[in-house]
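Visitor: Chain by chain, the residues:
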Amino acid sequence: MGRVVSGASQALKPGDRVRVKDQLRAGHVRTPAYVRGKLGWVERVHGEFRDPEKLAYGGDGLPRQALYMVGFHQTDLWQPHAESRRDNLYVDIYAHWLERA
Amino acid sequence: MTGDHDHNGHGHAHGHDHDVTQHDPEAAERNKVPFYGQRMYAIRELLVEKGILTHAEIQAEIDYMESRTPANGARLVARAWVDPAFKQRLLDNPKAACAEMGLDAASLTELVVLENTDRQHHLVVCTLCSCYPRAILGRPPDWYKSFAYRSRAVVEPRAVMREFGTELAEDVEVRVVDSSADIRYLVLPRRPEHTEGLSEEELAALVTRDSMIGVTEARRASPTPTPASAA
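Keeping their order, the protein sequence lines are chains R and Z.
Just so we're aligned, residue 0 is where the first sequence starts under numbering that gives the first Met the number 0, counting upward by one.
Just so we're aligned, residue 0 is where the second sequence starts under numbering that gives the first Met the number 0, counting upward by one.
In short, the hints are calculated from the structure, not lab data.
Keep in mind it's a predicted model, so treat the numbers as computed, not measured.
Just so you know, even glycine gets a beta-carbon here, dropped at the ideal spot from N, CA and C.
Be aware that a few hints might be false.
Stated by the list, open to error - Rough simulated footprint, nothing fancy, chain Z against chain R, three-plus residues with beta-carbon under 8 Å:
id	stretch
1	11-20
2	28-37
3	45-55
4	78-84
Here chain Z stands alone, though its shape is the one from the complex:
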């Protein structure tokens, strides 16, 4: 990439172009880069032109961001379910517990783990923006950043959870946590019933992203084909 800068907004001039718009007139509209996207590309190209960053460094950072997924959080939760001493460490010193599991704890913002119990259910929101434990869960879902979720989660958390299929008993205390500052929150969901025989890996498969935000509980164990008796 020397000298030959591409200023057409999408850096892939191949000499021959596949102009789908010839066959599909609506494609041009669909593929249009929105304003903030255009601005982002412009800033990216300027940073590269000025030698502040290289394309390779930017791509490496994107790859790193994409490598962090809810599977990281699920491993933490599953370990906490099977190992009470680990659970205690996760609650007392989350960063150290993450490092123990090989997660990149250095990049973590301050993390606090909120344990759901029979009596308390936590729900995380960021009303001011979209603070989220990215190091543990990856990128937040779009709905987490929506005005609807951010405004409704603090006023009517039970109604919001109901829309996710979560019905909590009236005697359970709902604790909404608005992560408005330097702390990121991870919900430790309750271990589902009838999972005594499952391995740590099988348990991790029950831990969904949404259950670690708190809009749902962990998945139930899939009903294994047991001897017919539903006694």
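Isolated chain R, as found in the complex:
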């Protein structure tokens, strides 16, 4: 999706290697636990959205957060338990959960 993400200094682009922050956070969190701390790559930039982790508690969700589709190798997620070395998994993750790797 060709939308421009503001805050260019932070903006990630397809192909960038990222790590999902390994943080414990209670409440309405949109980053599944099984990818926290895992290494992946930016597959696609979705654009900016109001932050659901704030919207869920009556906030305005601002500032908007960039949302990325992040790819992971199944073998990086599940090690020897992965079904196939060929397979990948994609999860949508907001910028504040990601750091460059």
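Please build the complex by placing chain Z on the supplied structure of chain R, with the hints as guidance.
Guide: Frame of chain R; chain Z shown alone:
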């Protein structure tokens, strides 16, 4: 519905009641409204009492929800199969493509269409809850919301698909997409073989709900009675 509120939990007091439990003692147990159902009815009645919503508005919303079915998605897919330019628009700008087909694109959450090919097969899950492209497919099936599907689809997608009767070749890349945020995903299944002669409507009949979630492929064309030769 003025003044005469019905607080017995199911709003249909008809003066004469058909108490099936007299004849069928197990009916009372079967018909029991579970906790969350009771709570939902209580909230509904409060919203109406306070004048925030009317029963008619609630019913209209339910009717709208029920009017959206996988047939909408099937029309999109069939059009994409027969019209490469439309397929490209569906991939590049799904909302505009939906509007073109007369679907209510305004109510759509952000939609992304994932194209299955000979090399890649997509499978959609929402591990955190039950995010689903309702505007295109209607309400999700119960299994989509089950803990079993949500936890297993990300760990062993091939095993899950096998249980749906889908066996993928080892050299096909399985791409599980966990729709955890603001995007909804629709799988564009592969067009089945031997469907060259079919009309767009006949093709749409091959596009199942499950094939647009990715647990199966599209239905095969039913073997038309062809001249005996299986050459």
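Visitor: Which constraints among the numbered hints does this structure fail? Numbers only, ascending.
Guide: Violated hint: only 1; rest satisfied.
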